[in-house]
Amino acid sequence: MSAEMPAAPAPRSGALRRLTITEFILFRRERVGPVWGIGFPLLLLIIFGEIPSFRRPDQDLGGLTDLEVYVPILTAFVIAMLALNALPPVLAGYREKGILRRLRTTPVGPARVLAAQLVINLVAAAVTVVLILTVARLAFGVALPRQLAGFVLAALLAAAALMSIGLFIAAVVPGGRAAQAVGTILFFPMMFFAGLWLPIAQMPSVLRHLSHVTPLGAAVQALQDSAEGDWPQPVQLLTMVVYTVVFGLAAAKWFRWE
Amino acid sequence: MAAIIDVQHLRKSYADTVAVDDVSFAVSEGEIFGILGPNGAGKTTTVECVEGLRASSAGQIRVLGLDPRRDHVELTQRLGVQLQDSQLPERLRVAEALELYSSFYRAPADWRELIDRLGLADQAGTRFGKLSGGQRQRLSIALALVGNPRVAVFDELTTGLDPQARRDTWELIEGVRTQGVTIMLVTHFMAEAERLCDRVALIDAGRVVVLDTPAALVDRVGTGQRIRFRPSAPLDDELLTGLPDVTGVTRRGGVVMVTGNSNALNAVTALLARHRIAAEHLQLEQASLEDVFVALTSGIQSPRAER
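Protein sequence lines, in the order shown, are assigned to chains A and B. When the letters of the first sequence are read in order and numbered with the working numbering, they come out as residues 1 to 258. When the letters of the second sequence are read in order and numbered with the working numbering, they come out as residues 259 to 565.
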């Protein structure tokens, strides 16, 4: 019987494709990602873009327009919404419902579902950010990031930091509903420090300093600098790396398949 | 015939508890083998070790000649599994779930044919969240079979189903066996084991209490017969207790209940005929696996049969 056994067979590539397609179908059917992660930030951009005063340079913002300030903030919004509100409930729910456990009894295993979810949310974030930049450029005349490589790097690090936090949430909560609650509770203060309600430049200095040590505050600052043509400051990139490493390791330590 | 599943002196202990103390059994090809026992007896832990979901603390397990932990990936290709309380994403449709799971395997079954066989064709486009309990269980059977396994393990398959759905599920399981799949079935329903299983292992407190065919187990307990009837005319208890085959008589309302050995029914009906009394609403009860279960798991004299 053991003679016919191939050594450690890898799962068929068709399985990985089918898994990713299926997870994408489910991503579309869940409201959170498409509506709040993709549609809502685009809608916000269009609303802000239609406000004439948002397109005029503002002394308080160092001569930038409100819209130029908001493009990096909306970029952070997209990443945070997908990483904190779309990803954790799905993974924690899968564990709670025994879906990951069931997958452990198949040749594919549960780790690949996690990978598929990460890939889908990352791709959704990338596509949405590109859409935001394109709409801002074509409809409202906001220049594309002048330091494009810096912008891409900052966005990738922001995604890594936020996805690590999202995985950490999924690891420590008991189930899907709790993940949803924790994600939402974290989302609003984090978006506050990203400048969604009050641009970072206009914050009192205490809040501004606090903002710089939050993952989204660092992200928005790095994205903003890149948009204006400067290379992002190492301290902000490092801040995001630290969040990625700390929460990534913690998630790996505490995540259970069942 | 070589055992398809061979478990020898399985032990699984956690920091301060012993879930499985010492369990041994062997399942032959083509068999429906039942694991029975009260809640917390160690049934699910045992099958989880067989499936490779848990590492055993001691003992040896071979499934199709494979070690469930070391050869786990290969085993998953050949072992179909239905887990207790395992669900699917709410918004996943039946056909999508089967198409997904069939993509995992080297030589999958035709999932469209499976849907038909399990009576889910009308639900192919239905989301998991909208399925009834019976439909969910049928889907979980389909998913366990979609990889064309040689062995399938079903854990508490019919718990929570209504009687009709339960009976339908039993028929499906019999159909699966007819297709040549060896089946291990965990249950706490005695009727289910009696109906389906060729042999059962009764597990209590982490040990195999007894292992045999359902009929042999019933014989072993040997509680004889219980006869209930309503006599058409007054009947003196002493006439009944005077019969050598009768061991006891009790009355409740107008109903007489007689216990005795396997010849008791003959003796009682002959007696009634002699006195020209009719036995109305006559009922005969024989010992069932349920009696075995009660007798052997409640600490009463238990024959520690091992094979």
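Honestly, the hints are just simulated from the structure, not real lab data. You may find that some hints are simply not true.
Pulled a few chain A residues facing chain B out of the computed Cβ check, cut under 10 angstroms [unchecked claim]:
no.: 1; residue: G14
no.: 2; residue: I21
no.: 3; residue: T22
no.: 4; residue: I25
no.: 5; residue: L26
no.: 6; residue: R56
no.: 7; residue: D58
no.: 8; residue: K97
no.: 9; residue: G98
no.: 10; residue: R101
no.: 11; residue: R102
no.: 12; residue: T106
no.: 13; residue: P107
no.: 14; residue: Q147
no.: 15; residue: I185
Straight line, CA to CA, 25 angstroms or less: simulated DMTMM-like cross-link-like pairs of lysine to aspartate or glutamate [unchecked claim]:
no.: 16; chain 1: B; residue 1: K388; chain 2: A; residue 2: E50
no.: 17; chain 1: B; residue 1: K388; chain 2: B; residue 2: E332
no.: 18; chain 1: B; residue 1: K388; chain 2: A; residue 2: E30
no.: 19; chain 1: A; residue 1: K253; chain 2: B; residue 2: E414
no.: 20; chain 1: A; residue 1: K97; chain 2: B; residue 2: E289
no.: 21; chain 1: A; residue 1: K97; chain 2: B; residue 2: E357
no.: 22; chain 1: B; residue 1: K388; chain 2: B; residue 2: D368
no.: 23; chain 1: B; residue 1: K388; chain 2: B; residue 2: E371
no.: 24; chain 1: B; residue 1: K388; chain 2: B; residue 2: E414
no.: 25; chain 1: A; residue 1: K97; chain 2: B; residue 2: D494
no.: 26; chain 1: A; residue 1: K253; chain 2: A; residue 2: E96
no.: 27; chain 1: A; residue 1: K97; chain 2: B; residue 2: E414
no.: 28; chain 1: A; residue 1: K97; chain 2: A; residue 2: E30
no.: 29; chain 1: B; residue 1: K388; chain 2: B; residue 2: D420
no.: 30; chain 1: A; residue 1: K97; chain 2: A; residue 2: E228
no.: 31; chain 1: B; residue 1: K388; chain 2: B; residue 2: E357
no.: 32; chain 1: B; residue 1: K388; chain 2: B; residue 2: D343
no.: 33; chain 1: A; residue 1: K97; chain 2: B; residue 2: D470
no.: 34; chain 1: B; residue 1: K388; chain 2: B; residue 2: E348
no.: 35; chain 1: B; residue 1: K388; chain 2: B; residue 2: D374
no.: 36; chain 1: B; residue 1: K388; chain 2: B; residue 2: E429
Residues from chain B that keep clear of chain A, each with C-beta distances beyond 12 angstroms, as calculated [as the list claims (entries may be wrong)]:
no.: 37; residue: A316
no.: 38; residue: A355
no.: 39; residue: W428
no.: 40; residue: A463
Only a predicted model underlies this, so the values are computations on that prediction, with no experimental measurement involved. We put the beta carbon where it would ideally sit given N, CA and C, even for glycine.
Here is what the structure says about each hint:
{"no.": "1", "hint": "G14", "verdict": "holds (5 angstroms)"}
{"no.": "2", "hint": "I21", "verdict": "holds (9 angstroms)"}
{"no.": "3", "hint": "T22", "verdict": "holds (5 angstroms)"}
{"no.": "4", "hint": "I25", "verdict": "holds (7 angstroms)"}
{"no.": "5", "hint": "L26", "verdict": "holds (5 angstroms)"}
{"no.": "6", "hint": "R56", "verdict": "violated (45 angstroms)"}
{"no.": "7", "hint": "D58", "verdict": "violated (45 angstroms)"}
{"no.": "8", "hint": "K97", "verdict": "holds (4 angstroms)"}
{"no.": "9", "hint": "G98", "verdict": "holds (4 angstroms)"}
{"no.": "10", "hint": "R101", "verdict": "holds (6 angstroms)"}
{"no.": "11", "hint": "R102", "verdict": "holds (4 angstroms)"}
{"no.": "12", "hint": "T106", "verdict": "holds (5 angstroms)"}
{"no.": "13", "hint": "P107", "verdict": "holds (5 angstroms)"}
{"no.": "14", "hint": "Q147", "verdict": "violated (41 angstroms)"}
{"no.": "15", "hint": "I185", "verdict": "violated (23 angstroms)"}
{"no.": "16", "hint": "B:K388 - A:E50", "verdict": "violated (43 angstroms)"}
{"no.": "17", "hint": "B:K388 - B:E332", "verdict": "violated (34 angstroms)"}
{"no.": "18", "hint": "B:K388 - A:E30", "verdict": "holds (15 angstroms)"}
{"no.": "19", "hint": "A:K253 - B:E414", "verdict": "violated (32 angstroms)"}
{"no.": "20", "hint": "A:K97 - B:E289", "verdict": "violated (31 angstroms)"}
{"no.": "21", "hint": "A:K97 - B:E357", "verdict": "holds (20 angstroms)"}
{"no.": "22", "hint": "B:K388 - B:D368", "verdict": "holds (24 angstroms)"}
{"no.": "23", "hint": "B:K388 - B:E371", "verdict": "holds (22 angstroms)"}
{"no.": "24", "hint": "B:K388 - B:E414", "verdict": "holds (21 angstroms)"}
{"no.": "25", "hint": "A:K97 - B:D494", "verdict": "violated (62 angstroms)"}
{"no.": "26", "hint": "A:K253 - A:E96", "verdict": "holds (18 angstroms)"}
{"no.": "27", "hint": "A:K97 - B:E414", "verdict": "holds (16 angstroms)"}
{"no.": "28", "hint": "A:K97 - A:E30", "verdict": "holds (16 angstroms)"}
{"no.": "29", "hint": "B:K388 - B:D420", "verdict": "holds (17 angstroms)"}
{"no.": "30", "hint": "A:K97 - A:E228", "verdict": "violated (47 angstroms)"}
{"no.": "31", "hint": "B:K388 - B:E357", "verdict": "holds (19 angstroms)"}
{"no.": "32", "hint": "B:K388 - B:D343", "verdict": "holds (16 angstroms)"}
{"no.": "33", "hint": "A:K97 - B:D470", "verdict": "violated (35 angstroms)"}
{"no.": "34", "hint": "B:K388 - B:E348", "verdict": "holds (8 angstroms)"}
{"no.": "35", "hint": "B:K388 - B:D374", "verdict": "holds (19 angstroms)"}
{"no.": "36", "hint": "B:K388 - B:E429", "verdict": "holds (24 angstroms)"}
{"no.": "37", "hint": "A316", "verdict": "holds (22 angstroms)"}
{"no.": "38", "hint": "A355", "verdict": "violated (8 angstroms)"}
{"no.": "39", "hint": "W428", "verdict": "holds (23 angstroms)"}
{"no.": "40", "hint": "A463", "verdict": "holds (24 angstroms)"}
In summary, the structure is inconsistent with hints 6, 7, 14, 15, 16, 17, 19, 20, 25, 30, 33 and 38 from the numbered list given earlier, while agreeing with the others.
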